[in-house]
Amino acid sequence: MLHIHQTTCISPQRTFPHPDLEELHESVNSRLSVIEPDYTGIPQNALRRMARSTRIGVGAAFPLLRRPEAGSSYSSVTSPPSIDGIIIGTANAGMEESIQFMKQIIDHEEGMLAPGVFVQSTPNTIAAQISLLSRNRGYNTTHVHRGLAFENALLDAAMLVRENPRHNYLLGGVDEIGAFNYNIDYLDGWYKKEALSSKRLYEDNSAGSIAGEGAALFLVNDRPENALARVRALATLHSKDPAAVRDQLRHFIDTRLQAGEKIDLFLSGENGDNRLLPFFLSCEDILDRDIPIARFKHMCGEYPTASAFAVWLACHLLQSQSIPPHIIKRMPGSTDPGNRGDKNTVACRNILIYNSHKGAQHSFIWITGTHALTTRPDR
Amino acid sequence: METAPLKEHLKKQIIAFLNLTSVKPEDIKDDQPLFGEGEGLGLDSIDSLELIVLLNREFGIVIQDPKEGRKVLVNINTMVDYIEKHRTK
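Those protein sequences? They're chains A and B, same order as listed.
Add 10 to a position in the first sequence, counting from 1, and you land on the number used in the numbering used here.
Add 110 to a position in the second sequence, counting from 1, and you land on the number used in the numbering used here.
Looking at chain A on its own, in the form it has when it is part of the complex (with noise of 0.2 Å):
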């Protein structure tokens, strides 16, 4: 479909500028919030009127706008890239500046209102944002499908890289915790009622997650020389039939592995409700026993683009050569359901990516990198 070259992320973790997974980070009153950096070199003026999202989709894209620092581990361009295009998914942005517009409009009895808001309101303002600061005059989209808004975004960068060879295009996914989608998901049970620490989202039997949010960023195009990884498939599906989800991936593995490959990590969207726990136990238990499995939920958090976060791990995973023990479920050749990977070591060239949003949006992402995996032993 695409390959990757580049990639930022801003998240929960120590991810921005340089990632260090080792140590992690745990959610603060349910909520795993972002690690905002300084942002250096955008703009103090247009910095000041960004929301959340608008920020950390910025800051985790300006890096890639410019030439990459020398020796870093999750590029492979030398040269500063011309981009072709600035696709972004997002599920929420600008919906804080909405309803504070609209509030305006309440409390001033639709009279003079400020403007600053506003013009900031829509879900485009990061893509928006990316291009003004860049003074970049191509294609710039943003595909707002919810739970799959990445997904759509990066079905969008693969088209487009297929019809313009040599171009590239800047791909995020990017939402925050704002307060409005925050309660309404709240009231809505998507999140624990009794607080629960990040570090225990999985063994907690409970309905709803944590909030999260973050913003991932990718340099793409069609080119293999020096890619970091390749996205070779997308499949997406609405249901809320954990049997159907899994004869999809059924389907999708049939389909589009080739003889003689196989699926090395399933890096899973389990995020601690137990209401969607069937949807990723009945796809698990269509793997082979000896594919590993890892989680990401508690890193990041729930949130609509979640997948953009698991595909940016991805990519760190297949560079960096080894993963975290905490993001470890299941480990081959052990007997043992609670193995998590102590001395165990994988080679690794295919990732599969299985997310699900609120159990009715559900996407498989496989990646595939070029160099060998492993495990490291646990400290």
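Since no wrong hints were added, every one of them can be taken at face value.
20 Å max Cα-Cα, derived SDA-like pairs, lysine to any residue:
id: 1; chain 1: A; residue 1: K113; chain 2: B; residue 2: L159
id: 2; chain 1: B; residue 1: K177; chain 2: B; residue 2: D154
id: 3; chain 1: B; residue 1: K122; chain 2: A; residue 2: Q54
id: 4; chain 1: B; residue 1: K122; chain 2: A; residue 2: N55
id: 5; chain 1: B; residue 1: K199; chain 2: A; residue 2: D117
id: 6; chain 1: A; residue 1: K113; chain 2: B; residue 2: R167
id: 7; chain 1: A; residue 1: K113; chain 2: B; residue 2: E160
id: 8; chain 1: A; residue 1: K113; chain 2: B; residue 2: N166
id: 9; chain 1: B; residue 1: K134; chain 2: A; residue 2: Q54
id: 10; chain 1: A; residue 1: K113; chain 2: B; residue 2: F127
Please keep in mind that the hints were generated in silico from the structure rather than gathered at the bench.
Please build the complex by placing chain B on the supplied structure of chain A, with the hints as guidance.
Chain B in isolation, oriented as in the chain A frame:
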């Protein structure tokens, strides 16, 4: 009339309204240009619209003539002078 309390209040309003998180009221000089880099506070055209809204909401002042706005939104002193003469609340 003592203008110091009004100047202090206006500076706090500007900081809050424009989200100038790294600026304190004492950082803004009464005669410091609001717009432009260097010696100025660095505000821009979107900020000028926000300041017009601020004057309307806080002091009941309506500025409709852009030329008038350019004379008012120069620095804290010019804004306070105009507020004292035209405020309705």
